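Enquirer: Each chain is listed here by its residues.
2 protein chains.
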Amino acid sequence: MFQTVTKTLLVSSSSLVNRSICQSLRHYCNQSSTKLRVSEALTGAELGKNVRVQGWVRSVRPQKKNLFLHVNDGSSLQSLQVVGGAELNDPLLTFGSAVEVTGTLRKSPHPQQPVELGADQIHVVGECNSVDFPFKIKERHSLEYLRPLPHLRCRTNVFSSLLRVRSEATTAVHSYFKSNGFLQIHTPTITSNDCEGAGELFQVEPSGPDFEEEVNFFSVPAFLTVSGQLHLEVMSGSFSRVYTFGPTFRAENSQSRRHLAEFFMVEAEISFTQSLEDLTKVMEGMFRSTTEHVLAHCADDVGLFHKHVTPGHRDRVDAMLKQSFPVITYSE
Amino acid sequence: MFQTVTKTLLVSSSSLVNRSICQSLRHYCNQSSTKLRVSEALTGAELGKNVRVQGWVRSVRPQKKNLFLHVNDGSSLQSLQVVGGAELNDPLLTFGSAVEVTGTLRKSPHPQQPVELGADQIHVVGECNSVDFPFKIKERHSLEYLRPLPHLRCRTNVFSSLLRVRSEATTAVHSYFKSNGFLQIHTPTITSNDCEGAGELFQVEPSGPDFEEEVNFFSVPAFLTVSGQLHLEVMSGSFSRVYTFGPTFRAENSQSRRHLAEFFMVEAEISFTQSLEDLTKVMEGMFRSTTEHVLAHCADDVGLFHKHVTPGHRDRVDAMLKQSFPVITYSE
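Sequence lines, in order, name chains A and B.
If you count by UniProt numbering, then the first sequence holds residues 1 to 332, one letter each, in order.
If you count by UniProt numbering, then the second sequence holds residues 1 to 332, one letter each, in order.
Hint data in this document are derived by calculation from the structure and do not stem from the laboratory.
It is possible that some hints are incorrect.
When chains are identical, the list treats them as one kind, so a pair holds in a single copy or across two.
[To be verified] Mimicking DSBU-like on lysine-lysine, the simulated pairs with C-alpha atoms at most 30 angstroms apart in a straight line are: (1) K35 / K178; (2) K136 / K64; (3) K281 / K178; (4) K35 / K281; (5) K136 / K322; (6) K178 / K49.
No experiment lies behind these values; they were computed from the predicted model shown.
With the hints as extra help, turn the sequences into a complete structure.
Expert: So this is what it looks like as structure tokens:
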């Protein structure tokens with residue numbers, strides 16, 4: 001049904017691994033410290049324990065006696081503050097470099113952050129040349145500036161927040177349907193139907209010299225799905241509640257790269273419905289539970305968007321959750 | 001991020017809705033009975049309550065005083081036994097017809113089944129002509145026989161079990177990665193890379209007269225993804241643990257329709273790994289937790305396959321769960 005591929009990426013972008021760093025790291029890792037993600041460290045559950053945190057440096061502030069770092073590993077919008085003695089400073093410790101920090105998790109004296117990591121050791125796992133690195137510290141880069149940097153833009157708050165929200169929203173959609181007795185169906189991506197003309201189709205043909213002679217690989221013309229509806233309708237004659245959630249395709253004639261030729265779509269089919277209300281209830285429930293889940297699990301990320309990207313949206317979301325959805329007839 | 005389409009399918013295959021049946025049904029539904037799925041009814045949690053169950057008839061046994069039905073709605077391999085007075089019999093009540101049954105859920109006198117539904121009313125919602133219906137009662141149909149019947153074959157035990165297992169396995173894969181701190185990434189289906197030559201590619205081009213003049217819709221040649229690896233590698237430079245689970249495509253030169261041109265694949269990337277063990281642990285954990293989840297949630301479905309489709313497989317699965325996975329080096 002599925003295959004598995006799991007691979008490793010040891011270091012961060014555009015950096016060389018220093019062999020001696022690797023060796024000391026390997027030596028070091030035999031020590032017993034709990035490996036934590038930044039989001040886990042920030043909960044404070046492991047307060048007072050010896051922990052190990054890995055991530056990318058967001059800021060470095062060397063002072064006369066102390067060194068302050070902010071480390072982020074993508075698990076949270078918030079970074080973890082690391083405090084070490086001035087002797088831990090290292091010229092390789094720059095904005096964008098990948099580090100592993102070991103030390104004791106302790107209460108922070110600053111009211112804005114719950115915890116900080118008192119560092120015993122800081123290893124630079126991946127260097128980052130701050131001259132070549134396209135992001136500047138504490139600067140807000142525009143989406144236009146980030147566009148040609150697909151390999152790095154997820155290090156910015158706006159992209160990492162968006163992807164965390166998307167991941168949680170996906171989880172919430174699946175969990176809503178599952179808890180309401182829907183069976184998940186993987187409707188096919190390659191199909192020979194155009195689903196009642198839902199949109200312009202992409203055609204699929206093998207590429208490469210092996211296939212040039214053949215007329216149709218699948219013996220019939222094959223397209224990318226515009227909707228799983230027809231497959232779900234068939235399934236709903238056996239399972240009374242089914243849904244699908246996956247990529248869908250429309251070849252609308254647009255010359256822009258911003259046109260969504262590929263997008264994710266939720267579709268559901270219910271048998272034995274008696275009124276339209278049976279359906280509107282499901283849709284309202286899905287919007288409501290997904291929104292609540294995202295607000296509960298990504299409060300900081302949503303906050304960032306409401307502050308900088310879509311001001312005022314938070315109020316609209318709150319209003320939606322408080323009211324029941326208005327229902328109007330077609331003629332209204 | 002996604003769109004929603006929810007639609008209705010009122011009746012089962014190849015059946016006409018009798019208007020008077022619909023009207024009496026609508027009238028009936030104003031009564032207060034709890035709507036249950038067959039799987040929910042079988043748990044016995046609602047014992048003694050007035051309930052409503054909808055599904056497809058798997059068997060009809062009219063006797064002098066009583067009528068026995070088996071009703072299945074795809075939520076479980078087991079059907080629900082319905083017992084009613086002989087006066088509830090109806091010539092439309094045939095194998096394959098869609099029904100709604102209301103009555104009291106009670107303990108069954110037979111030790112093999114925990115509950116039965118004492119019917120007060122039975123409505124045939126969708127008729128089924130038993131002469132035209134391609135399945136015969138209590139007969140095991142071969143996979144070859146079912147092949148040209150895609151619209152009905154999910155009513156058979158083997159297909160419905162398979163799809164329930166697939167749905168639960170999908171849930172288990174997502175929940176394993178989520179609980180281990182992985183971010184889900186929807187890697188694109190349409191892509192311009194061939195991922196280090198992982199396989200033969202399908203090329204994607206718009207179909208239809210609007211596009212005949214254009215050379216490339218996306219301004220570069222576009223293909224269906226053979227792997228999300230390259231996208232995940234980029235993401236793992238920002239989020240230390242990422243995964244994707246979706247359709248993947250290979251245009252291998254095979255003339256068979258049984259060749260999997262499209263299949264679901266799990267891929268994961270982890271940053272800051274120190275040894276191969278960091279990766280093998282994740283893979284072992286995924287197989288283990290997914291198998292345990294499926295065995296726990298689909299015991300009957302797995303049992304059916306172990307009995308009729310892949311005898312002996314259950315022992316291999318149990319052995320796998322008991323032992324830790326052997327690890328060998330490449331040269332071994």
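Enquirer: I want to check one pair: K136 and K322. Are their C-alpha atoms no more than 30 angstroms apart within a copy, between two copies, both, or neither?
Expert: neither (41 angstroms within a copy, 52 angstroms between copies)
Enquirer: At 30 angstroms max between alpha carbons, let me know whether K178 reaches K49 within a copy, between copies, both or neither.
Expert: between (38 angstroms within a copy, 24 angstroms between copies)
Enquirer: Within a copy, between copies, both or neither: where do K35 and K178 come within 30 angstroms Cα-Cα?
Expert: This pair counts as between: shortest inter-copy Cα distance 17 angstroms, intra-copy 33 angstroms.
Enquirer: Could you figure out if K136 and K64 sit no more than 30 angstroms apart (CA to CA) within one copy, between two copies, both or neither?
Expert: within (24 angstroms within a copy, 86 angstroms between copies)
Enquirer: Within, between, both or neither: how does the pair K35, K281 come out at a Cα-Cα threshold of 30 angstroms?
Expert: Answer is between; shortest inter-copy Cα gap is 15 angstroms, intra-copy 44 angstroms.
Enquirer: Could you figure out if K281 and K178 sit no more than 30 angstroms apart (CA to CA) within one copy, between two copies, both or neither?
Expert: both (15 angstroms within a copy, 28 angstroms between copies)
When the structure is compared with the earlier hints, a violation turns up for hint 5 alone.
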